[in-house]
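Protein sequences appear in the order of chains A and B.
The first sequence maps to residues 1 to 223 in the working numbering.
The second sequence maps to residues 1 to 267 in the working numbering.
Among the hints, a few may not be true.
Claimed, not checked - A few chain A residues facing chain B, derived, Cβ under 8 Å:
id, residue
1, TYR88
2, ASP117
3, VAL120
4, GLY129
5, ALA135
6, LEU139
7, GLU141
8, GLY145
9, GLU197
To be verified - With a straight-line cut-off of 20 Å between C-alpha atoms, the simulated EDC-like cross-links for lysine to aspartate or glutamate are:
id, chain 1, residue 1, chain 2, residue 2
10, A, LYS140, B, ASP151
11, A, LYS140, A, ASP122
12, A, LYS140, B, ASP213
13, A, LYS179, A, GLU114
14, A, LYS49, A, GLU8
15, A, LYS140, B, GLU92
16, A, LYS49, A, GLU85
17, A, LYS179, A, GLU8
18, A, LYS179, A, ASP45
19, A, LYS140, A, ASP175
20, A, LYS140, B, ASP122
21, A, LYS49, A, GLU91
Hint data in this document are derived by calculation from the structure and do not stem from the laboratory.
Don't be surprised by glycine CBs; every beta carbon is placed ideally from N, CA and C.
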Amino acid sequence: MPFESLAEPNYLRSIIQVSLTVSLTAILLSTLLSLPIAFVVGFADFRGKRVITAVINTGMGFPSVVVGLLVLMALSNSGPLGALELVYTPEAMIISQCVLAAPVITGVALSAIESVDDAVRDAAYGVGGTRTDVALITLKEARYGVVTGILAGFGRAISEVGSVLIVGGNIAYADGTSKTRTITTAITLETRRGEFETALVLGAVLLVLVLLVNGIVLRLGGR
Amino acid sequence: MNLELEHASYGVDDTDILDDVSLTLSSGEIMTVIGPSGAGKTTLLRLAALFERPTDGVVRFDGMDPWSLSRDDRLEFRRRIGMVFQQASLFETSVARNVDIGQRVRRPWSQRIRGFIRRVADRWIRSAPTVDDRTLEALDLVGLREAWDRDAGSLSGGEAQRVSFARALAAGPDLLVLDEPTSDLDPRNTAILERAIERARGRDHGVLLATHDMHQAERISDRVAFLLEGELIEVGPPERIFDDPRDERTARFVNGDLLYDENGLLA
């Protein structure tokens with residue numbers, strides 16, 4: 001019967017909840033990690049800056065299944081973080097999405113910071129600004145680019161399947177409530193079952209969610 | 001505040017951009033720096049505004065060498081200098097917030113954070129923006145008092161440069177360092193800025209101005225300095241520099257003669 005899964009009262013609500021909680025937490029952590037890196041690389045002049053920038057840019061295209069595999073190896077019993085017992089939990093998914101989104105946020109924010117005209121930095125210095133003031137003014141000038149980076153990171157996190165499937169396991173409880181099932185992994189499952197209508201509805205829900213988050217963030221950013 | 005450059009040089013990778021320049025500038029005086037492109041005018045101004053440290057020699061303010069002081073102490077000197085660049089380089093915000101930036105960066109952090117929170121709250125409840133008297137006074141001087149709540153991006157090039165001048169002035173500097181501020185402006189905007197520069201002199205500000213406009217140098221300077229290939233050729237009152245220069249190279253430059261041969265070498 002079409003839409004069988006959606007008939008479960010908790011099914012849709014719980015997968016949306018897991019998707020949003022995991023991706024928003026991952027983006028928050030990833031932003032806290034990425035912006036200082038973008039800031040330091042964008043402002044400091046040091047040997048190896050180009051290499052670091054190249055590594056960050058390469059990270060933007062890092063395959064999510066490989067990230068999932070590496071995170072799984074790190075979190076598995078024999079891995080360095082095995083003692084935390086995080087395999088097949090939302091926390092593991094947060095870690096993998098955080099790793100996936102970080103290069104995107106860092107790369108786009110870095111490019112936005114670097115593209116602020118030197119003349120603007122000079123102007124900030126010329127009005128009597130300290131180095132912190134110059135950095136803050138530059139960051140403010142780059143704000144739309146930085147926000148775009150965060151949104152791109154969010155887009156990558158919430159829409160990815162490979163790594164959350166590997167480290168989360170796409171688990172739902174017997175009553176249909178999601179433990180580690182996200183909208184994307186649910187779409188994969190429904191498609192495999194031949195429930196294309198349900199998969200399509202879930203796809204539409206995902207699109208609306210991404211649109212909503214983008215709208216809210218852009219509204220807050222004043223655009 | 002009196003500015004003094006004593007045998008100041010500045011070089012990058014063994015190339016001298018400015019070579020052994022000595023000059024003084026007193027409060028209430030306008031000194032214009034003229035010279036062909038690449039003569040080192042901007043570098044001279046950046047040394048005077050404490051953007052760069054001379055690789056040799058000393059820059060002094062009221063007899064003190066700010067580069068011998070700690071960064072915090074040097075900041076106090078920097079904050080007595082207002083710099084205007086060839087490009088307006090306004091920040092992406094309102095005109096008023098561009099002009100009062102100098103005052104804001106001088107406030108203690110607790111006050112700045114409170115101001116930020118208030119601004120975010122004001123934005124949510126959409127309350128009308130406000131402006132302080134000092135900002136309006138600086139804008140008044142460049143004839144843009146009414147534009148305080150406009151977005152800086154909506155200004156014309158000439159208006160933006162006038163706002164940039166008001167921004168330098170609003171922080172209350174003793175010395176103004178102006179790097180070709182009117183080179184991209186039409187005659188009307190140039191006249192407004194020149195009037196503002198003269199009014200700044202009237203308030204006892206020292207003004208160091210680089211320009212390519214010989215007529216401007218003649219109009220507003222108390223003294224003119226001619227710079228060529230990083231070397232200060234001569235300094236003197238405009239009448240002398242333009243009518244009776246002591247150095248032959250100055251005479252050729254002010255007469256518009258080519259100083260360079262076809263190989264780009266000083267002839």
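Original post:
Any of the earlier hints contradicted here, and which numbers?
Top reply: Of the numbered hints, 1, 5, 6, 8, 9, 12, 13, 14, 16, 18, 19, 21 do not hold.
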